[in-house]
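Kindly generate the complete structure, drawing on both the sequences and the hints.
There are 2 protein chains.
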Amino acid sequence: MKANFSYSQVTEKTIEDLISVFGGSGVSVDKEKVAAYSKDEVAVHLWDKNYEAEVVCFAENAEQISALMKYANRHRIPVTPRGAGTGLSGGAVPAYRGIELSLERMNRILELDAANLTMTVEPGVVTAEINKTAAAANLMYAGDPCSGDASFIGGNVAENAGGNKVVKYGATGNHVLGMEVVLPDGSISWFGGKRRKDVTGYDFVHLMTGSEGTLGIITKIILRLLPSYSFAADLLVPFDSVKRAIDAVPAVITKGKTIPCSIEFMDKCSMMLTEQYLRTKFPFSHEAEAHLILQFEGNDRESLADEIEKIGDICMEEGALEVFVADNRTTRDKLWKGRKSAAEAVWSYAPTQIANEDIVIPASEIAVFMEGLEKISRADSVKYAAYGHVGDGNMHVTLYVEEENKNWREIIEKARRDMYDMVKRLGGTLTGEHGVGLKRLMYAPQFLDAAQVELIRRVKLAFDPNNILNPGKIVPWT
Amino acid sequence: MKANFSYSQVTEKTIEDLISVFGGSGVSVDKEKVAAYSKDEVAVHLWDKNYEAEVVCFAENAEQISALMKYANRHRIPVTPRGAGTGLSGGAVPAYRGIELSLERMNRILELDAANLTMTVEPGVVTAEINKTAAAANLMYAGDPCSGDASFIGGNVAENAGGNKVVKYGATGNHVLGMEVVLPDGSISWFGGKRRKDVTGYDFVHLMTGSEGTLGIITKIILRLLPSYSFAADLLVPFDSVKRAIDAVPAVITKGKTIPCSIEFMDKCSMMLTEQYLRTKFPFSHEAEAHLILQFEGNDRESLADEIEKIGDICMEEGALEVFVADNRTTRDKLWKGRKSAAEAVWSYAPTQIANEDIVIPASEIAVFMEGLEKISRADSVKYAAYGHVGDGNMHVTLYVEEENKNWREIIEKARRDMYDMVKRLGGTLTGEHGVGLKRLMYAPQFLDAAQVELIRRVKLAFDPNNILNPGKIVPWT
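Sequence order for the protein chains is A and B. For the first sequence, position 364 (counting from the first letter as 1) is numbered 364 according to UniProt numbering, and the numbering increases by one without interruption. For the second sequence, position 195 (counting from the first letter as 1) is numbered 195 according to UniProt numbering, and the numbering increases by one without interruption.
Keep in mind the hints are simulated off the structure, nothing from the lab. Hints are not guaranteed to be accurate.
Pairs count within a copy or across copies, as identical chains cannot be separated in the list.
No farther apart than 30 Å at their CA atoms in a straight line, the calculated lysine-lysine pairs in the DSS-like style are these [as the list claims (entries may be wrong)]:
1. K70 - K424
2. K255 - K340
3. K132 - K255
4. K334 - K268
5. K310 - K168
6. K310 - K257
7. K255 - K310
8. K2 - K70
9. K268 - K243
10. K220 - K255
11. K257 - K70
12. K337 - K257
13. K257 - K340
14. K168 - K255
15. K168 - K132
16. K220 - K168
17. K257 - K334
18. K33 - K383
19. K31 - K383
20. K220 - K257
21. K281 - K334
22. K414 - K70
Given below as structure tokens:
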């Protein structure tokens, strides 16, 4: 199926028209501002060209967005919606210029409904605010992306963000019960609602989740909350081999008869770079080849302590070098600061010659994957750091070239391709939580068969016949 | 968007062609057989006309189904896929004649992968078999529809079946990681896979889930398993008013800081009809106006006992008449046999003049809803029995007319419309787990706005441009 990619340019008349929708303070053509709002966290030097919108609009409500979409359809101008710009795949980067639509002013928590265990929010609320507001009511929002202090919930939903608690609670989509959406033609619709179950029509709530702003613009979100736990404890468990660390994961779950709320992995390289970046020390950072971080929650202090002890024993049986228990706020915070800083730490060490990956494979294959990665590293002369959500099989591998090398793009590309071939062979896929966006779309057909790629195009155009909402994303179009 | 609803008839040549795909034993035109395979659990006398296929085919693998779909597209013959026929919405009833496709011969459990906590199955496996196979490996499949002893997992996925454990574990879709699908054009594709996270492309796994066999035919399913618990206990809690029973539900969750794996409700009428049907006695069946059934699981016998005691105390504070603990197999089985027989019990009491409903509303509104239902019952001269998954806000209301009355259709229809108006007003929707299918499609536009109805049609036709796969379902087409 072919889509139309010929668009109108933004003119002075367009700006006037946009001001009539958003007001003077809701429209900017300031060069620096437009450039800043055209970026996400994918470094600009990694793009093949300079992607930049022509104008930024700041929406305050769904009605303005509805008017915008009707206008954009009439004039064939692309619209790219944007949250906090913390994305890692170019989802909010305007591939075809046009209008960048910021949701940052739609940042209200509209309702906390304790009886129904729901919170209704606008898309521009910072995720950590949601966690805090729920916690203050003895409830819990179980979404926990590493970017939570900065990212918006709208972006989390649009990308189906993962994070540290997916192994137990599922990704963002698992906590979304309903949403108000401005469809590409400007209609305002509700998918789902304040209810735990709904089979009235197709499941558009979860089709929207992870659709990267290509099917509609989310303007309200009903989130599912859970009762919060009274106690939590974390284990930091060093191992002298990657394989031993990985093999301990299913043992913890099956022998321990429990799913921890986090099962995180850091290899030696990412652990040492994180120490360096934070100017701190973690136990066994030099002796261990890999660390697991496990988190457990419970309402009963004693039975949580029993569980922790049991899991600690299982880890030791699986060959752990030691088991460190973090059961007070200070040590827990230090531990998680380490884990959550790994991405920045690796990035700041090798900022220019780098590829951040987000692959997923069946969890049982991670040890095989890590062995293969070591081989690729040697064969292709690249370095790597690896950390991630090992309980979900989701690993963030950062490939980098340490020395200045003008061929770094080719070197990294070769290693990436080799790694993807292995991921495919192991039954894995391209991206677990960062999204395809613009960054990965040329790789998507390796992991999605031709029928599915075509179906993605058809569904996109069923929602957006004129192809004006965040066009050119997710799969190759030309 | 308009769809083509003019189809070819099945001829003798068609039968020959189908035999060349499925073999002689895979095709039947036997009158009785075709009639039987054209039904589900919606009683035939409730339909406005006699829906019957022209031929039944029995698939053994995806390749046969692929060949069928290519053939059906070429000849414009409708194909209606079918699981065990336990559906309650006419999802498997052939609205436009043509070919009924039974998946009952695709009934193998293909793999239990304990390391990855997954089971891969064909669509014709009986759901209870999956529960048993997982349990034998100390794992748990958390899907638990009341029909589990008879329904197929393929039907559960196609309808996004709910059941008794949704409040804690989510509906069927929450346990589906991936699926092989024959698309309407005959392509065989894989959505998702053996991984907990996947944002490579749109979330077609969950779009397929609950799409009632209208978007593709599911031929393999990868299910997510959980570690099984060592101990479980149930509480049967009678209340002297419906309102007190309903109000106890959020108290259990928020004061108890726990989500039970089941929170079920039975009103006095359904409890007494169930006693009569099973020729047994439940405590307080005559004294109580409503019963709650709560189920809890844990690995530690003592802390489970503590939890049960705490929840019992909360129920007593909320005005329970008594709290009965079922912690051995016999009493637990008796209790659940009662709950799971409620539908049949009500049905066998009033088999001809009846409407089974599946509405969902925000859980906090159920007391208001039940009061309103009592008013409607009086105003419209209908009786009702109500039971259901109160923790999810999902109530099965059975409206019936007790005395022989030739106007029973109009009487029930009036009460149903009044009830739907109230559901809509309370922020609820039409169906939580049974599906829209053929039975409810004329009511769907009351709960889905015009933009969403149109989008459902567009997405259906994006998957199935010739409209040959289970046509005429979910929303009105004419």
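Now the hints, each set against the structure:
1. K70 - K424: Answer is between: at 29 Å across copies they meet the 30 Å cutoff, but 41 Å inside does not.
2. K255 - K340: within (28 Å within a copy, 32 Å between copies)
3. K132 - K255: between (34 Å within a copy, 19 Å between copies)
4. K334 - K268: within (18 Å within a copy, 55 Å between copies)
5. K310 - K168: both (19 Å within a copy, 25 Å between copies)
6. K310 - K257: both (10 Å within a copy, 24 Å between copies)
7. K255 - K310: Both: 9 Å inside a chain and 28 Å across chains, each within 30 Å.
8. K2 - K70: both (22 Å within a copy, 23 Å between copies)
9. K268 - K243: The answer is within: 13 Å in one copy meets 30 Å, while 58 Å across copies does not.
10. K220 - K255: Intra 42 Å, inter 29 Å, cutoff 30 Å: inter-copy only.
11. K257 - K70: neither (53 Å within a copy, 47 Å between copies)
12. K337 - K257: The answer is both: 28 Å in one copy and 28 Å across copies each meet 30 Å.
13. K257 - K340: both (27 Å within a copy, 28 Å between copies)
14. K168 - K255: both (16 Å within a copy, 22 Å between copies)
15. K168 - K132: For K168 and K132, the Cα distance is within 30 Å both inside one copy (20 Å) and across copies (23 Å).
16. K220 - K168: Classified as both: same-chain Cα gap 26 Å, cross-chain 25 Å, threshold 30 Å.
17. K257 - K334: Both ways: K257 and K334 sit 28 Å apart in one copy and 27 Å across, limit 30 Å.
18. K33 - K383: neither (36 Å within a copy, 65 Å between copies)
19. K31 - K383: neither (38 Å within a copy, 69 Å between copies)
20. K220 - K257: between (38 Å within a copy, 27 Å between copies)
21. K281 - K334: within (10 Å within a copy, 58 Å between copies)
22. K414 - K70: So K414 and K70 fail the 30 Å test inside a copy (44 Å) and across (40 Å) alike.
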